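K.L.:
Protein chains in written order, with our numbering: chain A, 5 to 283; chain B, 87 to 369.
Think of the hints as simulated: they come from the structure by calculation, not from any bench.
All values derive from a computational prediction rather than experimental measurement.
It is possible that part of the hints are untrue.
A few chain A residues that face chain B, going by a derived Cβ cut-off under 10 Å, partial list only [stated by the list, open to error]:
id, residue
1, L41
2, P42
3, Y43
4, T98
5, N108
6, N111
7, A163
8, S167
9, L175
10, Q179
11, R185
12, Q186
13, A190
14, K251
15, A272
16, R276
Over the 10 Å line for every Cβ pair with chain A, so calculated as not near, a few chain B residues [unchecked claim]:
id, residue
17, Q117
18, Y125
19, P149
20, N162
21, T172
22, R196
23, D244
24, K251
25, S285
26, T292
27, R367
Just so it is clear, CB atoms sit at the ideal spot from N, CA and C, and this is done for glycine as well.
Residue strings, one per chain:
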Amino acid sequence: MSRALKGGVFKALLLLSLAVGFVMLGALLVDVFRDGLPYVDWMLLSNPPSSSPLDAGARPAILATLYIAGLLLLLAVPVGVGTAIYLEEYASKTRWYNRLLEVNIQNLAAVPSIVYGILGLAFLVRGAGLGRVLLAGALILTLLVLPTVIIAAREAIRAVPDSIRQGGYALGATQWQVVSRQVLPAAIPGIATGSILALSRAIGETAPLIMIGAVTYIAFDPTLLGPFTALPIQIYSWVGLPAEEFKFLAAAAIVVLLGILLVMNALAIWLRNHYRRSW
Amino acid sequence: MNVTTIDHRALAAVAQGHGTESFASREPVFQVKDLAVAYSGNVAIHDVSLDVYKSSITAFIGPSGCGKSTLIRCFNRMNDLVPGATIAGDVLYHGKDLYARDVDPVEVRRRIGMVFQKPNPFPKSVYDNVAFGPRVLGLKDDLEARVEGALQRAALWDEVKDRLKGSALSLSGGQQQRLCIARALAVEPDVILMDEPASALDPISTTRIEDLMHELKRDYTIVIVTHNMQQAARVADMTAFFSVEVADDGRRTGVLVEYDVTAKIFTTPADKRTEDYVTGRFG
């Protein structure tokens, strides 16, 4: 086989692998949008769920999902970035306990989300006596995304060239001054992108929320310490209902969820471009 | 004595009198005694004793791996930041042990500035680069005048005065390096260490840096590491030549071969290894 032909075959294979993902995703989107888009209206956004598909909306679920996203941003990002700073800038890499910590975090990122759900049920809902409330759901999702946020933030911090740190130290800056004034600002684009992508994964999670007892039917707006549902759970419950109309409502809710994810990802891209630096 | 292979500019520089003064009466800023530095047990350089004199330029030359950069990083305790680095022997700074228990490396680095091989401006504006040092040290009075003064001493003011708010990364390589020098000057150091400051620059930028060094040595003590012998001959008053010893087991260790007035190193070196190096027969 000639070298040019080999190159051509390889390129074709690459295109094929691209096509697999692209076609599947495209088909999914077309199907969901065809079913759901006509039902995305003010009623869906503003009404609580109802046994009648004509009145049913997803307002409590949408609000809860937004609350959870906000809480995740408040809880997971500071803790995750703090851990990443410690591991990258302060921890001595030669100490066994720091290496153990690192391996553990890598492994935690691979733990199935249902396991986090069980953990949350045992320790937050029952152990700490929080009950089946929105805060418990947000906390458990925080634990779920923490490893991912930590890993993303570490990558971003590690990508800041050492010459920047050395330049800071050479001027008589303390370690904290170098970290807070040079390393962190330079790492913001990477941290923001990684964190938001991790968050958007989390708000699509269903299993751990079901595990800790998110309810499927709730007629009032969620509160921090009250019972709650979330968009993925609302979708799941509508799909299971016998009336055909609920299937379309589920598709419409998927469109809303996708919309929220899309906004978050767009925010990530905007942050990255806004703070992009080169060195 | 074979000096015919030395670059003519270097010879001219030597002949003009750089390094011909006597430094014996001058005040030493650094006194290095029996210094050895190891990284995780591997000795990078050992058996170094030399004095660095006030308001002069001291050059460290030698082939790659001879430990000259390692040595210069002992002067501002930058080696402290390398995990596994250990140091034996003494480095006295104005007679005080730099590695004494009560010495804060952060305070050392405030007095002993450093310019690196590759220009490393912070990804910030020109102004913020120079202002960073004064800001972290709490020298906030009259910051603008301080920044302007530093840029002027680094011979960069005229080129950047209209773009102080622009990114430092948009400057040319030579300008970036002068910005790094200005950044170091802004905290009013006593000594400036330069680790191959011109090796990443074109010849014109290099000349500007060298001219600048001549200007600065009136007020500052300068130590420069360079692998460019002509540069050492042009700028330095004193020159130390380092070489690499290869042990039987293949371990490479840097040693100080000879330290003397620059003119002597380049015209009548005492050691055969120095002569081979400066005449271009080696390295």
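K.L.:
Indicate, hint by hint, whether the structure satisfies it.
P.N.:
Each hint, compared with the structure:
For the restraint placing L41(A) at the interface with chain B, the shortest Cβ-Cβ distance is roughly 44 Å, beyond the 10 Å limit, so the hint is violated. Interface hint status for P42(A): violated, as the beta-carbon distance to the closest one in chain B is roughly 49 Å, over 10 Å. The restraint placing Y43(A) at the interface with chain B is violated, with a minimum CB-CB distance near 48 Å, outside the 10 Å limit. The criterion of a C-beta within 10 Å of any C-beta in chain B is met by T98(A), whose closest approach is roughly 6 Å, and the hint holds.
Residue-level restraint check for N108(A) is violated (minimum Cβ-Cβ distance to chain B is 22 Å; threshold 10 Å). Among the interface hints, the one on N111(A) is violated; its C-beta lies about 25 Å from the nearest C-beta in chain B, farther than the 10 Å criterion. Contact between A163(A) and chain B, as hinted, is not supported at the beta carbon level, the nearest pair being about 12 Å apart and thus beyond 10 Å. The restraint placing S167(A) at the interface with chain B holds, with a minimum CB-CB distance near 4 Å, inside the 10 Å limit.
Because the closest C-beta pair between L175(A) and chain B is about 4 Å apart, less than 10 Å, the hint holds. For Q179(A), the interface hint holds, since its Cβ comes within 10 Å of a Cβ in chain B; the closest pair sits about 8 Å apart. For R185(A), the interface hint holds, the least distance from its beta-carbon to any beta-carbon of chain B being 7 Å, beneath 10 Å. Interface restraint check for Q186(A): the shortest CB-CB distance to chain B comes to about 6 Å, inside 10 Å, so the restraint holds.
At a threshold of 10 Å, the smallest CB-CB gap from A190(A) to chain B is about 6 Å, leaving the interface hint in force. Against a cut-off of 10 Å between C-beta atoms, the interface hint on K251(A) is violated, since the closest Cβ of chain B lies about 52 Å away. Contact between A272(A) and chain B, as hinted, is not supported at the beta carbon level, the nearest pair being about 20 Å apart and thus beyond 10 Å. At a threshold of 10 Å, the smallest CB-CB gap from R276(A) to chain B is about 15 Å, leaving the interface hint violated.
A cut-off of 10 Å between C-beta atoms confirms that Q117(B) is not in contact with chain A; the least separation is 22 Å. The beta carbon of Y125(B) is kept farther than 10 Å from every beta carbon of chain A, the shortest such distance being approximately 13 Å. Separation of P149(B) from chain A is adequate, the least Cβ-Cβ distance of about 24 Å exceeding the 10 Å criterion. Against the 10 Å criterion, N162(B) falls within the reach of chain A, whose nearest CB is about 7 Å from its own CB.
Distance check on T172(B): its Cβ is at least 13 Å (rounded) from any Cβ of chain A, clearing the 10 Å threshold; non-interface status holds. Against chain A, the non-interface label of R196(B) is violated: not every CB pair exceeds 10 Å, the least being about 3 Å. For D244(B), the condition that its CB be more than 10 Å from all CB atoms of chain A holds, with the nearest at approximately 24 Å. Even its closest Cβ contact with chain A, about 16 Å, leaves K251(B) beyond 10 Å, as expected for a residue assigned away from the interface.
Once the 10 Å rule is applied to beta carbons, S285(B) is consistent with being away from chain A; the minimum gap is 14 Å. The claim that T292(B) lies off the interface holds: its Cβ sits roughly 20 Å from the closest Cβ of chain A, which is beyond the 10 Å cut-off. Listed as outside the interface, R367(B) is consistent with that label: its C-beta sits roughly 34 Å from the nearest C-beta of chain A, beyond the 10 Å cut-off.
Taken one by one, the earlier hints fail for this structure at numbers 1, 2, 3, 5, 6, 7, 14, 15, 16, 20 and 22, listed in ascending order.
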